[in-house]
Amino acid sequence: MIRLENVSKAYRIRSGPRWVFRDLNLTLERGEKIGILGRNGAGKSTLIRLIGRVEQPTSGRLLTDMSISWPLAFSGAFQQSLTGLDNLRFICRVYGSDPVEAAAKVDDFAELGRYMREPLRTYSAGMRARLGFGISLAVDFDCFLIDEIVAVGDARFQQKCHDELFVKRKDRAMILVSHNDGYIREHCDRASVLAGGSLTHFTDMDAAYDYYQAHDRE
Amino acid sequence: MSDERQDEPRTSFLRSCTIQRRVIGALLMREVITRYGRHNIGFLWLFIEPMIFTLGVTTIWGLTKATHGSDLPIAAFALTGYSSVLVWRNMPSRLVDSIEPNLSLMYHRNVRIIDIFAARLLLEGVGVATSFLVLTIIFAAVGLLQPPEDVLKVVIGWVMLAWWGTSLGMFLGALSHRSELVDKFWHPAAYLLFPLSGAGFLIDALPTKFANFILLLPMVHGVECVRDGFFGSHFVAHYDLGYMAMCNLFFTVLALAEIRHASRNLVPA
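One line per chain: the protein sequences are A and B, in this order. Position 59, counted from 1, in the first sequence is what this note's numbering calls 59; the numbers after and before it change by one each time, with no gaps. Position 66, counted from 1, in the second sequence is what this note's numbering calls 1066; the numbers after and before it change by one each time, with no gaps.
Check each hint, because a few of them may be wrong.
[What the hints assert, rightly or not] Not everything, but these chain B residues come out facing chain A in the computed CB check (under 10 Å):
hint, residue
1, Ile1019
2, Ile1033
3, Leu1103
4, Met1106
5, Arg1109
6, Lys1153
7, Ser1263
8, Asn1265
9, Leu1266
10, Ala1269
Everything labelled a hint here was simulated from the structure, so no lab data went into it. We put the CB at the ideal spot given by N, CA and C, even for glycine.
Construct the complete structure from the given sequences, taking the supplied hints into account.
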């Protein structure tokens, strides 16, 4: 279970505090897959970063008894100056997984070959996404936070992500964040729309999409 | 300290400790790789570097007879003095502006500012302590100094100095996240404090008025205590570990508050 109780987040900017959202409530059970729809800048990534405990909420509580992944996104979570292998070892140590076993898995998934021993700053965006996703699969999580990362990469990468996440790990909980309803429709049990600083829950995808369209400008 | 304790009520204290140890271990390894790399002697630099510094200073002080013409063992005087400076100066220097370059690590929920500080402090402390120990053994072996008269006093003085370096370092490290001025002012401050820190003189040799002023600086008490343990029978030591502990405690509390403030406003890249 993951439960958000009246979670709010504000950032201090030059002109004073800017509230991204206020008093969000959300409950996710074990194995449940939920999509969060919102346009650019609606606060989707901020929300998922709070759930992943990357940042602290300004107010409100977050309760959970599950292990939650870090937000799998285009960037973040890795050290550019370290090699892929050193990044992998670091994460294995932090999360208590076996680095040798993980290295084999990541090698198989990411297909980086010799580049595993090169610093991340020499990687292309696609290689970085493959490595990041591969490493997250090496750690066993109850809930995966996915911030549009699966939308990048070529067809082959997308197919692999699909197999790993939605076939092999279909019993896990997931929170998917996207501005694209197609992806959420395909993979989630229900959807919530983040617009105008508040979160509205729907069990019906079409209703969620209609609401999303109607509140596109907020 | 680990976050899992906070949002998962069932995480026991013991489990939190395991996570903490794992995270600090991972950070230690990463720090060693990024700082020293895998070329030439690698992480041996950790204590070779302070050893070179201390050796150089000991040689210069020895040649110029920087002490006050007394019968003080010059090698022991220089070794204790400079090793003490390294502890309280290197720890803060390693922590100032250490949050920014490590932001991407704090993307992982169990990696907190305090873990990053702890890993760097441990490395710095172990490096300087090893340098101090190895040089003491070498100097004693070749007859440059007599083994410490009271090892316990040396250890206590050293631990107090390390505590001072830790608390000051954590405070400045967290504060530097708030303002870049900390970095600008720390370097001149450390430079100016060096001659006042008791490394290059004995309190007993100072005029009383000046000594009372100098004794306001906490690290002076630590150095005097270390020297009391080394060659206490050669001079009259002046130190008050109670006063030093109060200062250390004061800065520890300030540091924890400042870390808390920084954690709340952290935005990992």
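Cross-check of the supplied hints:
Contact between Ile1019 (chain B) and chain A, as hinted, is supported at the beta carbon level, the nearest pair being about 8 Å apart and thus within 10 Å. Because the smallest distance between the Cβ of Ile1033 (chain B) and any Cβ of chain A comes to about 6 Å, under 10 Å, the interface hint for this residue holds. The beta carbon of Leu1103 (chain B) comes within 9 Å of a beta carbon in chain A, closer than 10 Å, and the hint placing it at the interface holds. Interface restraint check: Met1106 (chain B) against chain A, minimum CB-CB distance 7 Å, threshold 10 Å, status holds.
For Arg1109 (chain B), the interface hint holds, the least distance from its beta-carbon to any beta-carbon of chain A being 4 Å, beneath 10 Å. Because the closest C-beta pair between Lys1153 (chain B) and chain A is about 38 Å apart, greater than 10 Å, the hint is violated. For Ser1263 (chain B), the suggested interface contact is upheld, since its CB lies about 7 Å from the closest CB of chain A, less than 10 Å. Nearest Cβ of chain A to the Cβ of Asn1265 (chain B): about 8 Å, under the 10 Å cut. The hint holds.
Annotation: Leu1266 (chain B) was flagged as interfacial toward chain A, and the flag holds, the nearest CB pair being 7 Å apart, inside 10 Å. Against a cut-off of 10 Å between C-beta atoms, the interface hint on Ala1269 (chain B) holds, since the closest Cβ of chain A lies about 6 Å away.
Checked against the numbered hints above, the structure breaks only hint 6 and satisfies the rest.
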